[in-house]
Structure formats: structure tokens, C-alpha cells
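**Q** Here's the letter readout for the chains.
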Amino acid sequence: MFKLIKADLYKSFHRMYLYIFVAVMAGLAILYNVILGANGASREISFGSSLSLLLFPLYLVFSFADIVTAEENKEHTLKNTISYGISRSKLYIAKNISAIIVSGFVALVTLAAFFGSGYMLLTPGAGFTTEFLSDYFIRISIAMLIYIAGINLGTMLAVLIKKNSLFSLCYIGLLMFPPLVFKLLSLINPIFEKGEFAMLSTQIQVIAIVPSSEMMTSVWIALAHIVVFNILGLIFFKRQEIN
Amino acid sequence: MTDTIISTRNISKKFGNFFAVDNINIQVKKGEIYGLVGKNGAGKTTLLKMINGLSIPSSGSLKLFSESSGSGIENMRSKIGTIIETPSFFPYLSAEKNLEYYRIQRGIEDKNCVNNSLEFVGLSNVGNKKFNNFSLGMKQRLGLALAIMGNPELLILDEPINGLDPMGMAEFREIILKLNHKKNTTILISSHILGELSQIATCYGFINKGKLIERVSTSELKEKCKRTLNIKVNDTNKASDVLKNKLSCTNFEISDDNEIRTDEFMNTPEVLVRTLVLNDIDVYNVNQSGLNLEQYFIELVGGIHNV
Chain S
1269 MFKLIKADLY KSFHRMYLYI FVAVMAGLAI LYNVILGANG ASREISFGSS LSLLLFPLYL
1329 VFSFADIVTA EENKEHTLKN TISYGISRSK LYIAKNISAI IVSGFVALVT LAAFFGSGYM
1389 LLTPGAGFTT EFLSDYFIRI SIAMLIYIAG INLGTMLAVL IKKNSLFSLC YIGLLMFPPL
1449 VFKLLSLINP IFEKGEFAML STQIQVIAIV PSSEMMTSVW IALAHIVVFN ILGLIFFKRQ
1509 EIN
Chain H
37 MTDTIISTRN ISKKFGNFFA VDNINIQVKK GEIYGLVGKN GAGKTTLLKM INGLSIPSSG
97 SLKLFSESSG SGIENMRSKI GTIIETPSFF PYLSAEKNLE YYRIQRGIED KNCVNNSLEF
157 VGLSNVGNKK FNNFSLGMKQ RLGLALAIMG NPELLILDEP INGLDPMGMA EFREIILKLN
217 HKKNTTILIS SHILGELSQI ATCYGFINKG KLIERVSTSE LKEKCKRTLN IKVNDTNKAS
277 DVLKNKLSCT NFEISDDNEI RTDEFMNTPE VLVRTLVLND IDVYNVNQSG LNLEQYFIEL
337 VGGIHNV
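Line by line, the protein sequences give chains S and H. Numbering-wise (the working numbering), the first sequence opens with residue 1269 and increments by one. Numbering-wise (the working numbering), the second sequence opens with residue 37 and increments by one.
No false leads were slipped in.
Partial list, computed: chain S residues near chain H (C-beta under 10 Å):
1. Lys1279
2. Ile1350
3. Tyr1352
4. Ile1510
Hints listed in this document are in silico derivations from the structure and should not be mistaken for laboratory results. In this text the structure is predicted, and so the values were computed from the model without any measurement. Built from N, CA and C at the ideal position, the CB exists for glycine as well.
Could you put together the complete structure from these sequences and hints?
**A** Structure representation (C-alpha cells):
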């Protein structure tokens, strides 16, 4: 498994696209603080308001499943790996872990740019305390878990859908439309509100506002998504014809 | 140590109601160059994909290096180098980086194997040129470089010379023969270019409509395709008497269209013709014929319209 992950990281980190992606994300993080700084906002406002933007990366994390898994479908390179007798289960899990590691690298650089620029450009603000930071990092950590579920959804779709454009559309569609459907259904029966609440795109917005005591629900929901997407993805991948 | 490298038993692949591969039993022995011959859609690629684990058989069983369990077969596949259809690699990586990716993935410790493979196929001088800028010939060579990386005991090559120019084909042939002769690599190869295949294969499997219709060794094929003298006459009964009694020739056959075929008198047809004519037999036509692999295959599947 380790060698499969190592090989995927070797490939991903030899790709210009990844570095452009990192540069754009880090640039946006810095720009955010520059704009807030120009308007006299404090670090507390910057960090606090950034939680309302957590939905945005959820729509982007499928790129990591794309870099690691979907491109193998596009380039038909999976046959080189499978024909060597590498276990499909191990390969699927390794692809997911690799995508998570690559996304972790992007997240690390982006957060470093965000915090670095925040500390350099902005004043702390009255509420910028240790408690504030601790609460902030807990919410960010749960968001990471939801992003991992997003990557797992992306990998599952990459296995199911061969066409790259369709794969990304399906990913975005699956994040956007089920909550809307549940919302509409809840007008008929309020029980469907629970369905809407269990969606990843709902949860990523919930963790910005929910009290700390209720955050564990989001953790369980993210973990449940991770388990379901991995099991389904593995079942599909094990039966898949490789071209 | 096993003598049979690949063995399938009634292996089949069904897509809906269509059998792409229908109960095929195939045995490939160590050191053989097994040529798989069949028209487009005959089931060659599907069969090779099932052997490689890229396609899951609908029924039947497979043995690789005498292993028949799922995990055993999976382990044995690390002894196989493969080119299935067009070689595919990551377009933004160079030849060396592409092979390095697979070296890491396969856990091959010898880092020199990448350069050795590239050198073996004549790609050691392409530098940092990206795969998407490669010509078709270069792509085929890189496919072969990956296939031979790590010294596989078995090579499975599906149409490996498609798109190569005559020089490329000759070089490819040399590489295949070198691997077979020097490293005793067993090779299972499918190709449409039967002229090329006939120069390297030691045995053949003919596939038509998903079924293996015949397996022959090179010597058996040679016997079946051997050259004959064909004489069209007015009276085959009388001619056969003359052949037997006057020329002591017993090795001949008579076809329905008043034609006698023999592999004797190939170098002295005039003696045969003169004797027949002197015995009051009208000779309408004399010609020599023999089949090459392509003609043999066409005859086997029932004529050009079935190819």
C-alpha cells in the first residue's frame, strides 16, 4: 500500500497543475486578508468570517480525486497497474489516501498563507483570544473531515464515471441538489429536514454556526459518508472492466 | 518450476447476450511465442484482458504459473509484462518519469531498471520530452519498455506493432526474439500483421467469433501450408492410374474440380505433364500453390468474406 501511495505522490508532485492550484489558493487567502486589512478589519473578523467560506473548498476538493484517480480513466493508465496484479482494494484505498495527502499539502500551504498574511497585515481585535483560536481550529478540523468525505465521493465518482467533464458535473450536482430536494420534500413532511441536515454541503455550513457542543454530530455524519463512499466505491471498482 | 505458463479452462466473457469469448481453452508453454490470430472483434483482446485481470470472466477458470486461486493469480501477474491495445501513460511526464512512477508502484528496488528498459527499446536519448509529444512508434516502444521492466517471465502483447513503420516493425521483431532467445521469456502476442507474426511465433491459436478454432505449432502449420503442384486434367481416374503406375507417385490427392494435387515433382513438373499427355490425358492447367499464414487463416474461417 505504501508504495502505491508513494508512486501517486511522485506523479502528483511532478505535475505543474498542482503547483498552480496551490498558488491560486494561497493567493486568494492572502487577497482576502489584504482586502479586509484595507477596510480596517481585525484578525478576529478575518478568521471568524472565513468560516462562512468553508463551502467553497468543498466544491474544489474533487480536483484531488481528479488528479489522483479520474485522470487514470482519462489516460487509460489503470491497465498498467491492474495487469501487474496489484489488488484492486489496496489500489482504491491507496488512491483515496494519496488524494487526501495531496489535498492536505494544498490545505497546509493555503492555511499558512492565510494565517501568515493575517498575522502580518491585521490587528488582533478584542476577541482574538486563545479560546477563540481553539474553537476556530476545532471547526476547521471538522471541516477537513467533511472535505475528506468530499474526496471520497470524488474518488467513487471517478471510478463510476469515465468522462471527466461528467464526473465533475456529477460531483457538484450531488453536493447541490440532494439538499434542495430534501428541502422541498420537507415542505410536505418535516422528517425530510433530517435528510437535508445529513448532507455534506449542509454540514459544512452548519459547523460555522453550531455551538461547540453540537459539533460531534457533524463528525459522525462526515465519518458515515466516508464509510459509505468507500464501501460503494470499492464494490464498483472490484467489478469494473478496465480499458 | 512449471511448464505451462497460461492455462484457461472454458473461459468465457459475455456482454448481454453476446459471447465475446466463448469457452476458450488455451495453453501457453514456457519459452513459446504464441501467436493469437483472429479478425477484429474475434475476442483476442477480451481474452488477453481476462488473463491480465482487466476484465472479469463470466465463467471458466484461469491458471497462471500453475496458480488458480484469486490471490495466487494476482501474485503471479507480477511476473507478467503487458501491452494491451495502445500503450497509455501520463502525458505530462517524460518516458523516464513515467517508468519511475511504475517502478515505485511495483516496488522494484533496482533503480537502474528504468534506464535499462529505455536503453533496451532505444528510448534512452529522449530526455525530458513529454509522453504526449511522442510519435506512435515511440509510444509503442515505451509500452514495451514498461512491459519488460523487472524482467518478466511472460509477455502479453496485444497488437504491439500497430502503427509502426517497416523499420520499427523489424526492430520490434528483433527485440521480441532477443527476449525469447536470451531470457527465455514466454510471449503471447496477438497481431493483425500476420506476415510479421509468422516470423516470430512458434505456435498459433486461431480465434473466430469468440472460439478458439485451432491451435497449431509452426511445424504443423508449415505442413498444412506446404507448397503443392496442381494439375487440372480431363480424367482424374486415369491420371491417378498413370501417377501410380508410370511415375510411382502415391502422395497426391484429387479435388472435386478435376484437379490433382501433389507435393512431388515440384522441381520437375514437365516430367509429370509429359507423362500424362503421352498417356492420352488432357492437361488444362498446371500451377504451384502454397499458403502463407494469412491465406491459411482466411481458409480456416471460411473465405475472405468471413474475415
